[in-house]
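Model the full structure from these sequences, guided by the hints.
These protein sequence lines are chains G and X, in that order.
Per my numbering, the very first residue in the first sequence carries number 18; after that it's consecutive.
Per my numbering, the very first residue in the second sequence carries number 94; after that it's consecutive.
Note that these hints are calculated values from the structure, not bench results.
Glycine included, every Cβ here is placed at the ideal spot set by N, Cα and C.
Do not take every clue at face value.
Some chain X residues near chain G, calculated using beta-carbon distances under 8 Å [what the hints assert, rightly or not]:
1) 115
2) 118
3) 119
4) 121
5) 122
6) 123
7) 124
8) 169
9) 170
10) 180
11) 183
12) 184
Every beta carbon over 12 Å from chain X, so not counted as near; a handful from chain G, in silico [to be verified]:
13) 44
14) 46
15) 77
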Amino acid sequence: MGEIRVDVRGETCPVPLVEMRKAVKKASPGDIIEIVGTHPASKKEIPMAAHALAIKIISDEQIGDEWKIILQR
Amino acid sequence: MSDKATIVVHSGDIDKISSALIIGNGALAMGMEASLYFTFWGLLRLKKDGLDKGPLSKMNMFGLGKMMIKSRMKKNNVASLRRMITDFKELGGKIIACEMTMEIMGVKASDLDQELIDDYGAVGTYIQEARDSAITLFI
Chain G
18 MGEIRVDVRG ETCPVPLVEM RKAVKKASPG DIIEIVGTHP ASKKEIPMAA
68 HALAIKIISD EQIGDEWKII LQR
Chain X
94 MSDKATIVVH SGDIDKISSA LIIGNGALAM GMEASLYFTF WGLLRLKKDG
144 LDKGPLSKMN MFGLGKMMIK SRMKKNNVAS LRRMITDFKE LGGKIIACEM
194 TMEIMGVKAS DLDQELIDDY GAVGTYIQEA RDSAITLFI
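Listed below in structure tokens is the structure:
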């Protein structure tokens, strides 16, 4: 099982969503995708997209200005 | 109703091209298919190196407004149109160029950035896709 890290800190709409989608495309089933970012709306929207794509949300946390979302394909 | 977004890009204004690409990329990112139909002023933006050559739809002020918006977009780290269209293609988005516009405006296929274009079509192609799209927009 692999792990893919996506750093979109400082990026704004629609880059965090797009980079998440690219990572999901590259991942093999079972792979972990860790996304860190700062764009507030994306923290809500990445889990929405994960639902739509039937991707499992492992965790979703906010630390100061940054958020970290962990998904599993 | 299929999970598809179909957008007519009629405007060549830089801010409207930006909205069309943001929505198209959002649809792809959230698991939908997406097609952009470039027609009229929008089609001219598919010319080689033409993507960000359009004016701002409001307050363009002979290019001054456009310059100001561009610098603010850069400062706020907004993705360039070039980056967005590259992402759009990478995520499987389709770009269709309107053949009638090409005739009216005297645009030849060789004038266009052919790496971006998946297909050339007319209204029937759009309707055929739009009739089973959950989202369809005219920008």
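Evaluated hints:
| no. | hint | in the structure |
| --- | --- | --- |
| 1 | 115 | holds (5 Å) |
| 2 | 118 | holds (5 Å) |
| 3 | 119 | holds (5 Å) |
| 4 | 121 | holds (6 Å) |
| 5 | 122 | holds (4 Å) |
| 6 | 123 | holds (4 Å) |
| 7 | 124 | holds (4 Å) |
| 8 | 169 | holds (6 Å) |
| 9 | 170 | holds (6 Å) |
| 10 | 180 | holds (5 Å) |
| 11 | 183 | holds (7 Å) |
| 12 | 184 | holds (6 Å) |
| 13 | 44 | holds (14 Å) |
| 14 | 46 | holds (16 Å) |
| 15 | 77 | holds (17 Å) |
Of the numbered hints given earlier, the model fails none.
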